[in-house]
Structure formats: C-alpha cells, structure tokens
Amino acid sequence: MAFSHKQIAESIHGVFNILGFEECESYLLFYGETALGNGFRAFLYFLGLAYCFIGLSAITSRFFRSMENVVKHTRRVVKIDPSTNAEIVKYEKVWNYTIADITLLAFGTSFPQISLATIDAIRNIGSLDAGGLGPGTLVGSAAFDLFPIHAVCVVVPKAGELKKISDIGVWLVELFWSFWAYIWLYIILEVWTPNVITLWEALLTVLQFGLLLTHAYAQDKRWPYLSLPLTRTERPEDWVPVESTSCKYESKVCNEYSELHQVSEDEINDIVDIFSIHSRNGKGTVYEEVPSTDDVAESSNRYKQNKINLENSHVLKLWKQQFADALMLESTESRKLNNGYLRLARISWQLLLVPWRLLFAFVPPYQIAHGWIAFICSLLFISGIAYVVTQLTDLISCVTGINSYVIAFTALAAGTSWPDLVASKIAAERQTTADSAIANITCSNSVNIYVGIGIPWLIDTAYNFVVYREPLQIQNAEGLSFSLLVFFATSVGCIAVLVYRRVTLGAELGGPRLWAWVTSVYFMLLWIIFVVLSSLKVSGII
1 MAFSHKQIAE SIHGVFNILG FEECESYLLF YGETALGNGF RAFLYFLGLA YCFIGLSAIT
61 SRFFRSMENV VKHTRRVVKI DPSTNAEIVK YEKVWNYTIA DITLLAFGTS FPQISLATID
121 AIRNIGSLDA GGLGPGTLVG SAAFDLFPIH AVCVVVPKAG ELKKISDIGV WLVELFWSFW
181 AYIWLYIILE VWTPNVITLW EALLTVLQFG LLLTHAYAQD KRWPYLSLPL TRTERPEDWV
241 PVESTSCKYE SKVCNEYSEL HQVSEDEIND IVDIFSIHSR NGKGTVYEEV PSTDDVAESS
301 NRYKQNKINL ENSHVLKLWK QQFADALMLE STESRKLNNG YLRLARISWQ LLLVPWRLLF
361 AFVPPYQIAH GWIAFICSLL FISGIAYVVT QLTDLISCVT GINSYVIAFT ALAAGTSWPD
421 LVASKIAAER QTTADSAIAN ITCSNSVNIY VGIGIPWLID TAYNFVVYRE PLQIQNAEGL
481 SFSLLVFFAT SVGCIAVLVY RRVTLGAELG GPRLWAWVTS VYFMLLWIIF VVLSSLKVSG
541 II
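Going by full-length UniProt numbering, the sequence shown opens with residue 1, and the numbers climb by one from there.
Because the hints were derived from the structure by calculation, they are not lab data.
Note that the structure is predicted; figures quoted are calculated from it, not measured.
Beta carbons are placed, not taken as given, at the ideal position from N, Cα and C, and that holds for glycine.
Do not rely on the hints blindly, as some may be mistaken.
Straight line, CA to CA, 30 Å or less: simulated DSS-like cross-link-like pairs of lysine-lysine [as the list claims (entries may be wrong)]: (1) Lys79 - Lys93; (2) Lys425 - Lys158; (3) Lys221 - Lys79; (4) Lys90 - Lys79; (5) Lys221 - Lys93; (6) Lys317 - Lys221; (7) Lys320 - Lys158; (8) Lys164 - Lys79; (9) Lys221 - Lys90; (10) Lys93 - Lys425; (11) Lys425 - Lys221.
Simulated restraints, written as ranges between beta carbons of each label pair [claimed, not checked]: (12) Lys320 - Leu162: 39 to 49 Å; (13) Lys425 - Glu92: 22 to 32 Å; (14) Tyr522 - Ile187: 49 to 59 Å.
Let the hints inform the model, and build the full structure from the sequences given.
If you want it as structure tokens, here you go:
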C-alpha cells in the first residue's frame, strides 16, 4: 500500500509540474529553456522526440539496403568432378538465411533499443540502482514488435495474396527462445534473487543468445537430436528475390565474373559493388552483373548481366549523387500530380526530411565492400539518435513528472521499434514468404532480452561486483514483472491467432481483405491492453 501511495504522490507531483507550479532545472541545449513554461517545454521536447523517430525511420531504409548487400555476398568454390576430372565452379552464399535473420536483421533493427539501454546503463555506472529507461523500453518494444508490427504485416500483402512461413521448424525454435527470454527475465527478477540482478544472472542472460543462434542453425541444417522433424517447404533462393532475366551473352562471358550485385530500382541504375565485381575483357575496365550463386550452382541456364562502365560507377560519383538526392524535394511522379495540395503536402514532408537526408548522405554508398561499411555507419547514426532520445526522455519526465517506465512502455518503445516495423514491412512486401518478416519480430524480442537487457546489466553488475561487492538493484521490479506477465498472456493470444490462420487459410500473412483487417485490429487491441495495464501498474493505480 505504501508503494501505491508513493506512486500516486509522484503522479500528483507530475500534475503540478506540468501546470508550471514546479520548475525543472535541466535543459537540452541552453539554460534559457528553463524560463519557458513546463507545458510548453514538454510540447517542444515531444516534438523533438517525434523528429528523432522520423530520423530513425529515414536511416532504417539505408540500413536495410546495406544489409541486403551483406546477405547477398557469395564466395567462389571450385570442385573437381571425380568422373571427368573437370573443374566445377559453384558460388555459395556466405550467410545462412536463418543466422542472417537473427543477427543482421533482428540485431540491426533492435539496435536503437540496445543503444538506448546501453547508454542508460553507462550513465548509471557507480549507482547501485539500474536505470529505468532500458528495461522498460525493451519490454515495451517487445509488445510493439509482437502486436502492431504483426498488425501491419498481416495487411501488407495484396488482397487474396497469402504469405506463409516456409520453415516452420526454425520459426518454432525462434518462438521458443523468444518466450523463454521473458520467462527467464521473470525468474531472475522475482524467483531467484527478487528485485536484484547478480553478475552471474546477467552473464547467463547474454550467453543464451549464443544458444539461440546454435539451436536455430541446427534446426535449419536439420542436425539430428537437436532439430524438430519438420519438413521445409520451398523458399526463395535469394533473401530478397530479384526479377529474373535471361542472359543476353554467351555463357563463357558470364563465367568471367564472380558474383551478382542487385541494383536497387529506386537508385541510380549504373551502380555496382566496386569491391566485388571484376572484368578481364581487354576493352577497358568494365563492370557487369552476373548470375546469383544459387542460380549458378543449381541451374546454369539462369543468368543476369548488365554491362556498366567504370567511370559511371566511381565511388565519389555515387557519394555525390547521394547528396543530390537528399536535396531533391519533388520526384518525377510527384510532378505529374494534378492535385496542388497533395503536391504541396509531399514537398513539405520532403523538406522536413532534408536535414536527416543530408546527414545520412555521409553514410558511404551501400554498394561498397558488400554493404558492410554502410551497415556499420548506419548503426553508428542509430546510436547517436538513441543518445538524443535518452536526453529528451529524461527532460520529458522532468518537466511532466510522468513515470519513466510509462514513457518507456509507450513513446520510447514505439519510436525505437520503428526500424523493426519498417524492416518487417519491407520483408513482407518484397519476399515471397513470411519467414523474415515474422522472424524479425520473434528474434527481435529475443535480442531485446539476451542482448538489449543482458549487456547493460552485465556492465553495471560487473562494476558493482568489482567496486562494491553488491548486486544491481532493480527499481520498480514489481511493475516490470507485472508487465512481463501481461505480455506473456497477450502474446499467447497473438500466437494462437497466427496458428489459426495457418490452419484455416494456409498462411500467416495476407488472405481475404476483411479477415486480414480483423486480425490487424485484434493485434492492436492486444497492444492497447498491454500498454494500459502496464502503465497503470507502474504508476501505482492498480
């Protein structure tokens, strides 16, 4: 009861803050902010928070493109045919699809939450109490991933189009580790060492991410004793399928090149990976597109190549084009619109994005080094935005008095999960199956706990163990545990509907438009239930 009275008192204190009876001395850019009313300051900080989330959305598109190039990377393998002693050249993908979904896709799209939680932990080094933003954001992000993102993905396919999980065994493994992550979190918060986290609990939390990777890979490769005896249906050969075109040249010409680089349809058509494609035709340096690895290995009659001059694909020209594109306010399609108001709205939106687009134009073109440089730079920009988000969140909590957990469950969770939403939506649109779209959701939830909470807690517990010989105290552990129980109950309802759709419709995503929208609304209602109950609990109202 005392806990409830304390929380209610804090809520009343927040009301007085927002009305301007108390002044928050903290500021973002300059001290003069404190002279403004608390209500006006809260409005400005919320606008800043929303603008940061727009920036996260903008960088996610570049991140996703770079990740596609990373996954498409291949290696040349030469084998000797024992019967003819002839050399057989095959091209094998470096990345396993399942591992790519868990690491590159799920880890990358969860990086805003991981960065925010890690920054929060570093700021709290030296304190026996853990920060509240990290765990609250990650649990709230898990709910956003599971409910609103599923709600979006289920209606993305065209009317009547069905997209199902091709490897149900891998999905079940990922789902198991996702559920176990939150069961494990409840155990260490409420059962083993209530309200505190020890060094060994934090270390075990991080190590379980390795177990997830091993188990998922074992299921994908159908290792005996470690995999479920479930058959895999046909899945696309490429992580993101490309339009099939025939080879216009002789096969001996096609064999001169080492790998395919898929050029994005919304970027320059004369862009290729300058680190990976080679030509030896004696007519000057020329780049060509060649068949993808699986196509060469499995069906030699399927090729794609496109001759491109080196001068048109020079890296400096590519980088210069990025800045030119960043300043472009109106596309060709927009100029064709007859509605002046709609054109003005589009131009206004593009004008709002110009600062972010100019900033992200400094990210090297994703065609370089198989996309790795752009991938890493995108994550660095995401970390920078996450730092600004933590500062804005602290200020919002200061000027309004709103419990930091409530902000974490709602605004922070939704904003930092925006890359997850964009990535899953793109995967649901562009892939022929639902594997990556749904795997990103389930794997992101696992990554949120094993990495997003595990690493920050490991940092703080290690410091406290060495310096104070004390465990890490968890503020409002009761509210966090309650949120875990609510999340677990609502997630069962979500998964049950996905299974029902698989049994009745034959697929998790798409289907008849009416039922797709009914499913979407149902998922959103589950998310609202989670947010309302969790916010009421941490605020001491229930």
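Going down the list of hints, with the structure as the test:
Of the pairs offered as hints, the one joining Lys79 and Lys93 holds, with about 16 Å between alpha carbons and a cut-off of 30 Å not exceeded. Distance restraint check for Lys425 and Lys158: the Cα-Cα separation of roughly 13 Å lies within the 30 Å cut-off, and the hinted pair is therefore satisfied. With a CA separation close to 22 Å, the supplied pair Lys221 and Lys79 stays within the 30 Å bound. Distance restraint check for Lys90 and Lys79: the Cα-Cα separation of roughly 8 Å lies within the 30 Å cut-off, and the hinted pair is therefore satisfied.
Proximity of Lys221 to Lys93 is assessed by CA-CA distance (about 15 Å); at most 30 Å being required, the pair is judged to hold. Proximity of Lys317 to Lys221 is assessed by CA-CA distance (about 42 Å); at most 30 Å being required, the pair is judged violated. For the given pair, Lys320 sits about 37 Å from Lys158 by alpha-carbon distance, which is inconsistent with the 30 Å threshold. For the hint pairing Lys164 with Lys79, the CA-to-CA distance comes to about 36 Å; that exceeds 30 Å, so the pair is violated.
For the given pair, Lys221 sits about 20 Å from Lys90 by alpha-carbon distance, which is consistent with the 30 Å threshold. A hinted pair counts as satisfied when its Cα atoms are at most 30 Å apart, and Lys93 with Lys425 qualifies at roughly 24 Å. Annotation: proposed proximity of Lys425 to Lys221 holds, straight-line Cα distance about 27 Å (limit 30 Å). Separation of Lys320 from Leu162 is about 44 Å and conforms to the stated range, judged on CB atoms against 39 to 49 Å.
A beta carbon spacing of about 30 Å between Lys425 and Glu92 agrees with the range 22 to 32 Å that was offered as a hint. Range check, Tyr522 to Ile187: Cβ separation about 30 Å, and the 49 to 59 Å hint is violated.
In this structure, the earlier hints numbered 6, 7, 8, 14 are contradicted, and the remaining ones agree with it.
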